[in-house]
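2 protein chains.
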Amino acid sequence: MLKVVNLMEEVNAVEQLYVYQKIGFLNPHMLSVVRVANRTLDFHVHEESDELFYVLEGQFHLETEEGLHFVKAGEFIIVPKGTLHRPVVTDLTKFLMIELCGTLNKENSGDLYED
Amino acid sequence: MLKVVNLMEEVNAVEQLYVYQKIGFLNPHMLSVVRVANRTLDFHVHEESDELFYVLEGQFHLETEEGLHFVKAGEFIIVPKGTLHRPVVTDLTKFLMIELCGTLNKENSGDLYED
Numbered sequence: 001m002l003k004v005v006n007l008m009e010e011v012n013a014v015e016q017l018y019v020y021q022k023i024g025f026l027n028p029h030m031l032s033v034v035r036v037a038n039r040t041l042d043f044h045v046h047e048e049s050d051e052l053f054y055v056l057e058g059q060f061h062l063e064t065e066e067g068l069h070f071v072k073a074g075e076f077i078i079v080p081k082g083t084l085h086r087p088v089v090t091d092l093t094k095f096l097m098i099e100l101c102g103t104l105n106k107e108n109s110g111d112l113y114e115d
Numbered sequence: 001m002l003k004v005v006n007l008m009e010e011v012n013a014v015e016q017l018y019v020y021q022k023i024g025f026l027n028p029h030m031l032s033v034v035r036v037a038n039r040t041l042d043f044h045v046h047e048e049s050d051e052l053f054y055v056l057e058g059q060f061h062l063e064t065e066e067g068l069h070f071v072k073a074g075e076f077i078i079v080p081k082g083t084l085h086r087p088v089v090t091d092l093t094k095f096l097m098i099e100l101c102g103t104l105n106k107e108n109s110g111d112l113y114e115d
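Just so you know, the sequences run in chain order G and C.
Numbering-wise, my numbering puts 23 at position 23 of the first sequence, and it's gapless, one number per residue.
Numbering-wise, my numbering puts 31 at position 31 of the second sequence, and it's gapless, one number per residue.
One or more of the hints may lead you astray.
Identical copies go unnamed one by one, so any copy, or any two together, can satisfy a pair.
Simulated pairs of lysine-lysine, DSBU-like, Cα-Cα distance not exceeding 35 Å [unchecked claim]:
no.	residue 1	residue 2
1	K106	K22
2	K3	K22
3	K3	K81
4	K3	K72
The hints are simulated quantities; they were obtained by calculation from the structure and are not laboratory data.
Sequences and hints are given; from them, build the entire structure.
Next up, the structure:
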């Protein structure tokens, strides 16, 4: 049964900040949406998976050893596997995330990720 | 070197209809943008990869053996591998596509895909 998914409806339906809502699977990848505000995660590395951050609303900085990358609504950034990074979010920002299933955990996702 | 990619800027920068512009790689997947109008592809199957259609602007129908699925701007549909399908596009519609590298070819992408 195929499903049509509206990104803004899905992200707006999640009641809490920092909770990743799974909205689809693509081969072994998970698509999820999350709302974040006023949070800077610790620097971390995903050894097994590239990670895509797509901004649905708002803006944030993705910090790597190259510096700060500014990403706003309608834009994405892909963090290659093995790259030290952290998201720096001030204003409320709504994301679509894509990475291999099993990549996100409580240490790298902002604490409220539910398996 | 990480790159910030604006989806609408990328799809609007492609001069021709039906030309898939590669805009990123996520693990072994390719992200591409394409503009399509007045085209119905033949039914086909991707045996090795799920395929994601995300509508940036416009709307289309994804036809499967279940029937027609209407997908409009801000929505995506994932076609599981092995699923007979075809996109039916009338009005000008702008897409983000994601599938395993090597999935698209001249037979299933509308003829103008360049390797």
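The hints, checked one at a time:
In this homomeric assembly, K106 and K22 come within 35 Å of each other (Cα to Cα) both inside a single copy, at 15 Å, and across copies, at 33 Å. Taking the shortest alpha-carbon separations for K3 and K22, both the intra-copy value of 13 Å and the inter-copy value of 25 Å come in at or below 35 Å. Taking identical chains as interchangeable, the C-alpha atoms of K3 and K81 lie at most 35 Å apart whether they share a chain (29 Å) or sit on different chains (14 Å). With identical chains, the CA atoms of K3 and K72 are at most 35 Å apart both within one copy (27 Å) and between copies (13 Å).
Against the hints set out earlier in the document, no violation occurs for any number.
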